[in-house]
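Number of protein chains: 2
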Amino acid sequence: MRWSQMHIPTLREDPADADAPSHRLLLRAGYIRQLMAGHYSLLPIAVLVRSRVVAIIREEMARIGSQEFILPAMHPAEIWQRTGRWEGMGQEMFRLRDRKGADIALGMTHEEIFTTLALELSSYKQLPQMWYQFQTKFRDEPRPKAGLMRTREFTMKDSYSFDLDASGLDTSFDKHHDAYVRIFQRLGIPAIPVEASSGSMGGSASTEFMCPSEAGEDFVVHCTSCGYAANVEKATSRLPVVTDAPGLQAPERFDTPGARTIADLAERYDAPGERQVKTLVYVVDGKLTLVLLRGDHALMEQKLNDALAARELRPAHPEEIREALGASPGSLGGVGVTDLPIIADEALRGRTDMFTGANTDDVHLRGVSVERDITVGRWADLREVAAGEECPTCAEPLQVQRAIEVGHIFKLGYKYAEALGANVLGPDGNRIPVIMGSYGIGVERAMAAIVEGHHDDKGIVWPLSVAPFAVAVVIAQPKDEQTVALGEQVYEQLRAAGVDVIVDDRNERPGVKFRDVELVGIPFRITVGKKALSEGAVEFTERATGETRAVACADLVEEVRKAITSHG
Amino acid sequence: MRWSQMHIPTLREDPADADAPSHRLLLRAGYIRQLMAGHYSLLPIAVLVRSRVVAIIREEMARIGSQEFILPAMHPAEIWQRTGRWEGMGQEMFRLRDRKGADIALGMTHEEIFTTLALELSSYKQLPQMWYQFQTKFRDEPRPKAGLMRTREFTMKDSYSFDLDASGLDTSFDKHHDAYVRIFQRLGIPAIPVEASSGSMGGSASTEFMCPSEAGEDFVVHCTSCGYAANVEKATSRLPVVTDAPGLQAPERFDTPGARTIADLAERYDAPGERQVKTLVYVVDGKLTLVLLRGDHALMEQKLNDALAARELRPAHPEEIREALGASPGSLGGVGVTDLPIIADEALRGRTDMFTGANTDDVHLRGVSVERDITVGRWADLREVAAGEECPTCAEPLQVQRAIEVGHIFKLGYKYAEALGANVLGPDGNRIPVIMGSYGIGVERAMAAIVEGHHDDKGIVWPLSVAPFAVAVVIAQPKDEQTVALGEQVYEQLRAAGVDVIVDDRNERPGVKFRDVELVGIPFRITVGKKALSEGAVEFTERATGETRAVACADLVEEVRKAITSHG
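Here the protein sequences come in this chain order: A and Y.
For the first sequence, numbering that gives the first Met the number 0 gives the first residue as 0, with consecutive numbering after it.
For the second sequence, numbering that gives the first Met the number 0 gives the first residue as 0, with consecutive numbering after it.
Treat the hints as calculated values from the structure; they're not laboratory data.
Copies of the same chain are indistinguishable here, so a pair counts whether it falls within one copy or spans any two.
As a list, the in silico DSSO-like pairs of lysine-lysine whose alpha-carbon atoms are at most 27 Å apart: (1) Lys99 x Lys136; (2) Lys457 x Lys561; (3) Lys99 x Lys286; (4) Lys414 x Lys124; (5) Lys99 x Lys144; (6) Lys286 x Lys414; (7) Lys529 x Lys457; (8) Lys124 x Lys478; (9) Lys478 x Lys530; (10) Lys530 x Lys457; (11) Lys144 x Lys233.
Given the sequences, and given the hints that come with them, work out the whole structure.
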């Protein structure tokens, strides 16, 4: 390729409103342009990178025997209604009506649609099947952000497995797990597999692949000692045992004028956070629900969501709370409440001599024994793990780190097969539902994650595996005929040798060209200038290290091959 | 690949409701499945064919220097509003609102969006640019039909050219023209370039690539003598000159009880069709309009649409007609009508002594001189050319043939650049708008067109260039160890030689396997059976001809290579 004939609109300045390095650099280096919030055009060099990412994923899918499909992006509402997700997906699903008034969903994921194809499987002998596609997904994200990191329209490689039984699913899941490990390794993404919430996907277990990064939107809890790692949405920790006094015979009301927070109560009434019961009120699928936690703990909403298998969940409004409990947030409690469901965090089990609100403004209770005095309908792990708490496995202190979710694999179980009727004849002649898994990688987000991990103050530093070009030949003096001739010769030699090479033949100063090659992030630069003409040697510069050395023209192809092999 | 491990759900019977051969065969051979009307899933072997079609198109785009992009499928309404196409596209455009209430279009084509990227071009020195993408288009077709032929969701390769002036556009247009000729040739589609209407695209000229086929929805008018070819939406013909009597001083009313059609009038009142003025009433962008044609001519709606640059156009309802003209269809005419726009076909120019309706039920006029008696506001070519009429170029009889539109290329002119402000600094330092072209190929429709031209009563007969596999190795006796071993060896040899090969290793009878290989349409079949074991020779069968010959195992790779080369 010739730089002069490619549209690579690099920008001199950092674009405004682009904080994440990948967002800033992909814009600045001429990879992407925003059409509207959450929707980006990929320019030619981005298409090259994307095609390399896709090729790597495709190879690894083929290696585990997965077959490539392409399914529609538009789905009839009816199929989503049968699994309950037409309602369940809420506002995140783009919906429209066609000219005949039929309700249509734009696919945010394809469990339902792939399952309709699995209806053609008739015998256990056809299992296992692993099916995947590269396809555009549409999600009406509330807050698209950070360039390609969180968009409303993106390419996903989504796979689906269909097995006869749980051990078959384990095998398909493990194959994908291992394929994902290889994929991220080849992409240069230091992803770590972590336990995760399955969210709206349902199913029994899921693993996220997390790339540690300050630009990430997720938090991973992990233990450097034993390797425990989980999304904070799912993570647990060990808590030191609290020894309570037995407390009172019954809770006792006391006035707490102006004390509205955990801290107020701790400070003024000798009630440390760990001795308080914090009472939150949520609306879960339309139903007011009390959520109890230790005073010094924070609620992890996803855990609440998962525990209650909620479709929709939000904090209650103050008016809703006052109407139900007769008090404002700050004086709420579960004692005596029998007409609302109460869910409590495991850390409150067995606790006595506790403080909590009395459902009267500026009044609290003391001497509360949680299990004696509160009608807890459900116990669950609801609290957010904090850095420094003890690892649930080895008791060493946990760390919490920002990360980008680059992949997510799910054991789905029977949810979709049962809802849509995907059965096969089993070995015993009876029909049994297939058991499913699903597995996803966001292609453009993977590109962003690579840039997050591979850049410096000069620009992007692509790993060779995904770079738009392996080598840029820079003609330093484009007005000098001999330099141009030699540059063109070097370019042709490398092309003939099968090297992905671009020649910077623009009529620009060397400094401009060097800056662009660095910004765009091409792994190797060959500079053809006066020295080449006089000494028969070109400059060979490695983008990652900045190291430059002279290479004799005669040895160049061989040296480039070596460099590529050693970086492969 | 192994047949036993690929999902190729062939059907024993022809599927119901699939008339076009491509629809029937792609379903039956396990290439596609319908999700809902106009939306198909591509199964694994279809993905292989599609990837080969895409690769051929991509190569030819690269050859003319076009650069690959990927643009969003979702567009803000605002950009379409600026070119007037938000309204102009009517019901064919899928529209939705996002969670914030913003209007969004699903891209049916990308002139607007590519033009927004061209806003970054600043100088004539950056021109020409040719940009393309492979991308999903969404169109709310009123009548999706014939499988992949007309869908609501499909992959389009759409290109856009940006030039400094009309001669630059001519060059870009010609490059695409030639690339399309090569593409269709390589795909095995006997496409012919024909003059076409530009429709909602606007612009000065367009050429369609038409594949003659009974399954087509378009009609091509062509002359086997001089090569004239045009879509019937655009085609013209020469008409024999009609010599009229001078007629009456003024039109004369006469009663025509029960005569409601051109034929009635011809039969009962000695008024042959060519002496009648047929009066149609249309609603054009909300405005009632009279459309006049010779009695024996049919209206070509697209020509009316193009002549009036209409956004929306439909025949008026009988009530609307009666309210405006006071009569029913059958007794309508333009004489004396001054409050409605009247557009007349060129064939009526200068005609005298004509018959037409009197705008009173069961009354007509005779002795009408069209230009004297009717206030024609606009003359245009509106009639549909019929087979047998004279070629406009050489006067030989024209033929009319059904065809599939497989490509369409447009000279767009300045419409989009001016509406969206795509200017560059010209050589003289003044800003001038760029001139554009756009060029499209429907990928899945091309697949269907290939099948329409390449099938027989046994199934599909893919051209080698796009076949999912070049060779199928059929193990005839899958229960015989030695046959299996030899079959596997042949398979491995061909794989090692870089041949796209699938081995049919299923535990099925040879007849089942042969039928499937034929139905799926794999160009070459190698049968490994008892003969191979005893004589060291396999059967080599060519799908297109059915010819079978014995090939010694030792020569097989070489023979396959030869066969592939001679078909390439």
